[in-house]
Amino acid sequence: MIEIENVTFHHGKSPILKDVSLTIKRGGITALIGPNGAGKSTLFALMARLLPLQSGKISFDAMDIRQTPSRELAKKLAILRQDTHVASRITVQDMVGFGRFPHHQGRATSLDHDKVQAALNVFDLADIAERFIDELSGGQRQRVLVAMAYAQDTEYLLLDEPLNNLDMHFARNLMHQLRDLADNHGKTIVVVLHEINYAAAHADTIIALKNGEVAAHSRTDEFMTEEAISRIYDMSVKVKAVDGLKMALHHV
Amino acid sequence: MARTFCILGLCTLLSITAFMVLGARGNWDFILVFRGTKLVALVLVATAIAVATIVFQTLTSNRILTPSIMGFDALYILLQTALVFILGGFGFASLAPELKFALELCLLSAASLALFGSLIGQGMHDLFRMLLVGVVFGVLFRSLTGLLQRMIDPNEFSVLQGSLFASFNKVDTTLIALATPLVLACCALAWHKRNVWDVMALGREQAISLGLNYKRELMVGLALVTALIATSTALVGPVAFFGLLVSAISYEVTKTHHHGPIFLSSILISIIVLVGGQAIFERVLGLGATLSIVVEFLGGLVFLFLILRRVRV
Ligand SMILES: Nc1ncnc2c1ncn2[C@@H]1O[C@H](COP(=O)(O)OP(=O)(O)OP(=O)(O)O)[C@@H](O)[C@H]1O
Ligand SMILES: [Mg+2]
Numbered sequence: 465m466i467e468i469e470n471v472t473f474h475h476g477k478s479p480i481l482k483d484v485s486l487t488i489k490r491g492g493i494t495a496l497i498g499p500n501g502a503g504k505s506t507l508f509a510l511m512a513r514l515l516p517l518q519s520g521k522i523s524f525d526a527m528d529i530r531q532t533p534s535r536e537l538a539k540k541l542a543i544l545r546q547d548t549h550v551a552s553r554i555t556v557q558d559m560v561g562f563g564r565f566p567h568h569q570g571r572a573t574s575l576d577h578d579k580v581q582a583a584l585n586v587f588d589l590a591d592i593a594e595r596f597i598d599e600l601s602g603g604q605r606q607r608v609l610v611a612m613a614y615a616q617d618t619e620y621l622l623l624d625e626p627l628n629n630l631d632m633h634f635a636r637n638l639m640h641q642l643r644d645l646a647d648n649h650g651k652t653i654v655v656v657l658h659e660i661n662y663a664a665a666h667a668d669t670i671i672a673l674k675n676g677e678v679a680a681h682s683r684t685d686e687f688m689t690e691e692a693i694s695r696i697y698d699m700s701v702k703v704k705a706v707d708g709l710k711m712a713l714h715h716v
Numbered sequence: 059m060a061r062t063f064c065i066l067g068l069c070t071l072l073s074i075t076a077f078m079v080l081g082a083r084g085n086w087d088f089i090l091v092f093r094g095t096k097l098v099a100l101v102l103v104a105t106a107i108a109v110a111t112i113v114f115q116t117l118t119s120n121r122i123l124t125p126s127i128m129g130f131d132a133l134y135i136l137l138q139t140a141l142v143f144i145l146g147g148f149g150f151a152s153l154a155p156e157l158k159f160a161l162e163l164c165l166l167s168a169a170s171l172a173l174f175g176s177l178i179g180q181g182m183h184d185l186f187r188m189l190l191v192g193v194v195f196g197v198l199f200r201s202l203t204g205l206l207q208r209m210i211d212p213n214e215f216s217v218l219q220g221s222l223f224a225s226f227n228k229v230d231t232t233l234i235a236l237a238t239p240l241v242l243a244c245c246a247l248a249w250h251k252r253n254v255w256d257v258m259a260l261g262r263e264q265a266i267s268l269g270l271n272y273k274r275e276l277m278v279g280l281a282l283v284t285a286l287i288a289t290s291t292a293l294v295g296p297v298a299f300f301g302l303l304v305s306a307i308s309y310e311v312t313k314t315h316h317h318g319p320i321f322l323s324s325i326l327i328s329i330i331v332l333v334g335g336q337a338i339f340e341r342v343l344g345l346g347a348t349l350s351i352v353v354e355f356l357g358g359l360v361f362l363f364l365i366l367r368r369v370r371v
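Chains X and L, in that order, give the protein sequences. Just so you know, we're using our numbering here: the first sequence kicks off at 465 and counts up by one. Just so you know, we're using our numbering here: the second sequence kicks off at 59 and counts up by one.
These are computed hints drawn from the structure, not numbers from a lab. You may find that some hints are simply not true.
DSSO-like, lysine-lysine: derived pairs with alpha carbons at most 27 angstroms apart [claimed, not checked]:
#1 X:K540 - L:K273
#2 X:K521 - X:K489
#3 L:K228 - X:K539
#4 L:K273 - X:K477
#5 X:K489 - X:K539
#6 X:K521 - X:K674
#7 X:K477 - X:K489
#8 X:K674 - X:K489
#9 L:K228 - L:K158
#10 X:K539 - X:K521
#11 L:K273 - X:K521
#12 X:K540 - L:K251
#13 X:K674 - X:K710
#14 X:K702 - X:K674
#15 L:K158 - X:K539
#16 X:K540 - X:K489
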C-alpha cells in the first residue's frame, strides 16, 4: 500500500502540490491523469525520493521513504521518469542490466542475466541489445528505459508517461504487459497517462490531479463520465460506450 | 579488450625502461636513485591526474570537463599563496613540508567541497553552464592569487616559487614520501567503488533510483578528486588539459562505461604519455621543458574537438 499524507510542495514561492493525501492499495494498475503542469511528475519525484519532501509523509508498505535506506527502497520501487537523458555511451543490454544493480551491487549472477534477458525479450529489444542507446530512435530508447525499470523487479512500479514516443503496437503491448504484471505477479503499478482511453481500457483506478490538488480518485468505470473529464481538462468531451468499454471522444 | 591492455602494458614498460636507461652515463647507483625518485614522482602524478579526471567526469556526467578546467588546481595555488600571505614567508618556510601539505590539503578539501559539492549536488549538469562556472572560478582564483602575490614581500615571495614553478621536468620530490601512500589509498578507494561509479555516471536521478546514497558518494568522489589534484599540483604544478587528453584516449580505446577497465587504461596511458614523453623530450631531443607545452597543446586540441562535436549534435 502506498500512503501519501498531507504532501505539500513549493518551487520557490509557487505552490506545486497542495496538501495531497492519497492511499493506493496493493495490486492493480492506477492511472494518474491531469493537465500539463498539474504536478504529476513532481508527485512521482517525491514518491521516488528524487526531490526532498518539504512537508507530509510518504510510505510504501509502512516503509517511510525518509527513514528507509535508499538501497532498500530501490528493491521496493522502480521509477521511469518522464525525461531521462543518459549521458554515457552504454549498450541497450548494459542499460537494462543496471536495473539489477539494487540486487547485486555490481556483481551480477546468472539469475540477474536471466532477468535482463527476459526484460529484453518482453520489450522486443533482443535484436538491438548490442546497440548504443544514443543511437536509438525515441521509441526504442523509451522501451529500453521501461525494460530497465521492469528488470528492477520491484513490488511497486511508477511509470511517468511510459507511452511517450511509442507507436500504437508497442503502446498496447506495454499496457498488456503491465496488466500481466499486476494480475499474475502481484505488482502495484502507478502510471501517468495523457491518453485517457488507455486508462479507461487498462487501469483499475484513476486519480486525477489538477492545479496540485486531487480532483478525482475513483474506480475507472465510475470515473469515465463526460462531467468528470470535462471538469478536469476544461473542455467538453463526449463519452461513448464501445463494446462495453467507455471511451472518451476527445479528438474532435 | 585483452589485446588493448597487452599493448598498453608493453608501452608502459617500454616508456619506463626508456626513461631509466636512455642517455645514462656514469655512476649507475647514482643514476638509478636519481632517476628512480623522479620516475616515482611522475608515475604518482600520472596516476593521480588520470583517476581524478575519470572520477570527476563521472560525477558531473560529462566527458569533457576536468578538475583542472573547473579550477581545482588554481584553487590549490590560491590557498598556498594565501598561506604564505597569512603566515609570512618565514613562517611558511619553517613549516615542515609534510605539515604544510596536510594543511593545504585540508583547506582545499573544505573549499572545494563547499564550492563544487553544492554546485554538482544541485544537479547542475548542463555542460555549458558548468564550463562557464569553471572559467569564472579559474579567473577569480588566478586573479586573487595574483593580487596576493603582489602584496607579499618580494623576499617572502621566493619561498613560493619552488612550488609555483614546479613542472614535469622540475618535480618537487620532497613530498614523495607523503604523496605515495596518499595516492595509493585514493586509488584503492576509487577502485573499490568502481561499480558505484558506473551507476553514478547515469546521473543523479538514476543513481538514487538504483539505491545509491547519492550525496555520500558525491562527497567521497569529490574528496578523492581534491586529494589527487592537490598531490599532483604539489608535485608538478598546475596542468590544464593533460587529464582530458588521457581520459579521451582511454574512453576511445576501451569503448566501455565500466570503470574497472577505464581506470586501468587511463593510468597506463597517463604513464606512457608522461614518462615516455619525458624520456623522449628530455633524453632524446634534449628539450626537457617542452613536454608540458606539447601535452597541453594536444589536450587543448582534444578539448576544442570535443566541444565542437558537442555543439554540432
Ligand atoms: N524546477 C522547477 N522550478 C520551478 N517550477 C517547476 C520546476 N519543475 C516543475 N515546475 C512547475 O511545477 C508544476 C508541476 O510540474 P510537473 O512536472 O509536476 O507537472 P506534470 O503534471 O507532470 O505536467 P506534464 O503533464 O506536462 O508532464 C508546473 O507548473 C511546473 O511549471
Ligand atoms: Mg510530467
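Here is what the structure says about each hint:
1. X:K540 - L:K273: holds, 20 angstroms
2. X:K521 - X:K489: Between K521 of chain X and K489 of chain X the Cα gap is close to 16 angstroms, so the pair holds against 27 angstroms.
3. L:K228 - X:K539: Violated, at about 53 angstroms.
4. L:K273 - X:K477: Distance of about 25 angstroms is within 27 angstroms: holds.
5. X:K489 - X:K539: OK: K489 of chain X and K539 of chain X at ~18 angstroms, within 27 angstroms.
6. X:K521 - X:K674: Judged against 27 angstroms, a Cα distance of about 20 angstroms means the pair holds.
7. X:K477 - X:K489: violated, 33 angstroms
8. X:K674 - X:K489: holds, 21 angstroms
9. L:K228 - L:K158: holds, 20 angstroms
10. X:K539 - X:K521: holds, 20 angstroms
11. L:K273 - X:K521: Holds, at roughly 21 angstroms.
12. X:K540 - L:K251: holds, 24 angstroms
13. X:K674 - X:K710: holds, 22 angstroms
14. X:K702 - X:K674: Holds. K702 of chain X to K674 of chain X sits at ~20 angstroms (cutoff 27 angstroms).
15. L:K158 - X:K539: violated, 47 angstroms
16. X:K540 - X:K489: OK: K540 of chain X and K489 of chain X at ~15 angstroms, within 27 angstroms.
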